Amino acid sequence: MPRLKGHHRTFYKHRLPMRLAHWVGAVCLFILLLSGLQIFNAHPYLYWGSASDFNAPWLAIDARNTEQSGIEGQVRLYGHSLETTGVLGLSGGEGGNADQRAFPSWLTIPGGRWLSMGRSWHFFFAWLLVINASVFLIWAAFSGHLRQLVPTRADWLGFGESVKDHLRFKHPTGEAATRYNVLQKLAYLFVSFGLGSLIVTTGLCMSPRMDTVMSDFLTFYGGRQSARSIHFLAASGLVLFVVVHLFEVIVTGPLNNLRSMITGHYRYRTDTNHKEKHDD
Amino acid sequence: MTDFTRRSIIKALAGTGGLLTLTGCDSLSRTPWFTDILSSGETLSDVAQHAITPRKGMAREFAREDISPQFRQNGSTNPQTSEYRKLAANNFKDYVLKVGGRVKNPMNLDMAAIRALPSRTQITRHDCVEGWSAIGEWTGARLNALLKQVQPLPGARYLVFHCADEYGSSQSRYYESIDMEDAEHPQTLLAYDLNGEALPIGNGAPLRLRVERQLGYKMAKYIMSIEVVDSFDNIGGGNGGFWEDRGYAWYAGI
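Taken in sequence, the protein lines are chains Z and S.
My numbering puts the first residue of the first sequence at 1, with every later residue one more than the last.
My numbering puts the first residue of the second sequence at 1001, with every later residue one more than the last.
Hint data in this document are derived by calculation from the structure and do not stem from the laboratory.
Please note that the accuracy of each hint is not assured.
Using C-beta positions, here's what the derived DEER-type ranges look like [said to hold, decoys possible]:
no., chain 1, residue 1, chain 2, residue 2, range
1, Z, Leu77, S, Pro1200, 27 to 37 Å
2, S, Arg1030, Z, Leu258, 25 to 35 Å
3, S, Ser1040, Z, Trp58, 31 to 41 Å
4, S, Glu1184, Z, Leu77, 52 to 62 Å
5, S, Ala1012, Z, His8, 20 to 30 Å
If you're wondering where the values come from, they're calculated on a predicted model, not measured in any experiment.
All residues carry an ideal CB built from backbone N, CA and C; glycine is no exception.
Full structure from sequences and hints, please.
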């Protein structure tokens, strides 16, 4: 029950299973990303197809020797190269002391070059993420939470308006802020069902044992090296989602949002000129 | 609180939090009880993959035109042990593979005897733990045919492959082990030909293992002997392989 408190009301927005799944998922994604970059560093080249054409990676993050300035870090994307010394390709320490590594040590778990340990972290938290997501999904399906995420007719009609509002950083206030808006719904659905299933299945496609039963997936993705590339791109998509998500959290009231994801309680204004609307 | 201070507090918190987390991850990576918990993920992969994929499930085989122009030579590419140098100098004419351990009929096989065993040719994809893949055509003796001849004794669980190379500056011999399920698999070969020609030294001449449903480090090169055992606890570092003794998982199906 919403309780009155001056011009503010608090509202129980996020139920406990939701909050737990959110934070377990956040920790998993963080560790999976950084241990994933450790694994990527073991061979910082991406290819399309089944096998690696070492002469033609579509993405390379490595170091090159130049006559003028010695060794420098570089990112090569389809043959176009960009110098990235200090961050990508070559980082940590000056000149000759720098490490030749694709992602810098402050972006990998563990920090140093340690593939076997990176794999241990990655696989443990991959299992945790999959278990967390499965339990959450079952809860979401039966508790009605998932239904909240399905855009309504009204949502679709207001789609253009919602896009404009987001671009102007104008966000729903008052009671409307207690519900998911249409872009939010679509983002959550796309991330969980789109990117989520993409990253899990491309991950499994890299397993030679799983490939004995996943040949259709493998064909669909275009081979194991394509699956590895798509895994990397899906991870980049998740990073983009987290960036936008954190941005929206901050512009719509970071402390209130944070509290609602910890305690469940969300505070919103009840203006007199902002009549409560019920669209269902 | 002004927006500015609020923002800087959040930023500072996030920054220290991030740093603490990463330093924390590094020290946890050196804490045995924690890494034991972490490695349970890989054990779970092993159990789950064996539960949902058939024992005799076949690795995909490719067409001739899929073969990689150059099959990458990785790990040891030119063993320097005197034993191996002597064999290589004579083009492996004096090579003898010893098969022993918990078997009824220990055997010594020269290259002619190995080539006389039932063989198989397969074009498969080789996946390195580093992330790259290469496709090659392998011809070799079927390991299950050899096992039929040596007859493992009851209780035999693993095959240990002892190799001629000392990887890098490790001063310890490469070795690997697989279980009976993989040893009996129709695609598991003692390969002696790559792409229709005798296996080059860089790829493991005269004999290397092909276990097509696992990663490259399981596929021991320069095999000198095969030991059938019920446990690998007392071999090498006790973890079943050179890389396993250095932290890699024994099951390399993922």
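Do the hints match the structure? See the list:
no.	hint	result
1	Z/Leu77 - S/Pro1200: 27 to 37 Å	34 Å, holds
2	S/Arg1030 - Z/Leu258: 25 to 35 Å	33 Å, holds
3	S/Ser1040 - Z/Trp58: 31 to 41 Å	35 Å, holds
4	S/Glu1184 - Z/Leu77: 52 to 62 Å	46 Å, violated
5	S/Ala1012 - Z/His8: 20 to 30 Å	28 Å, holds
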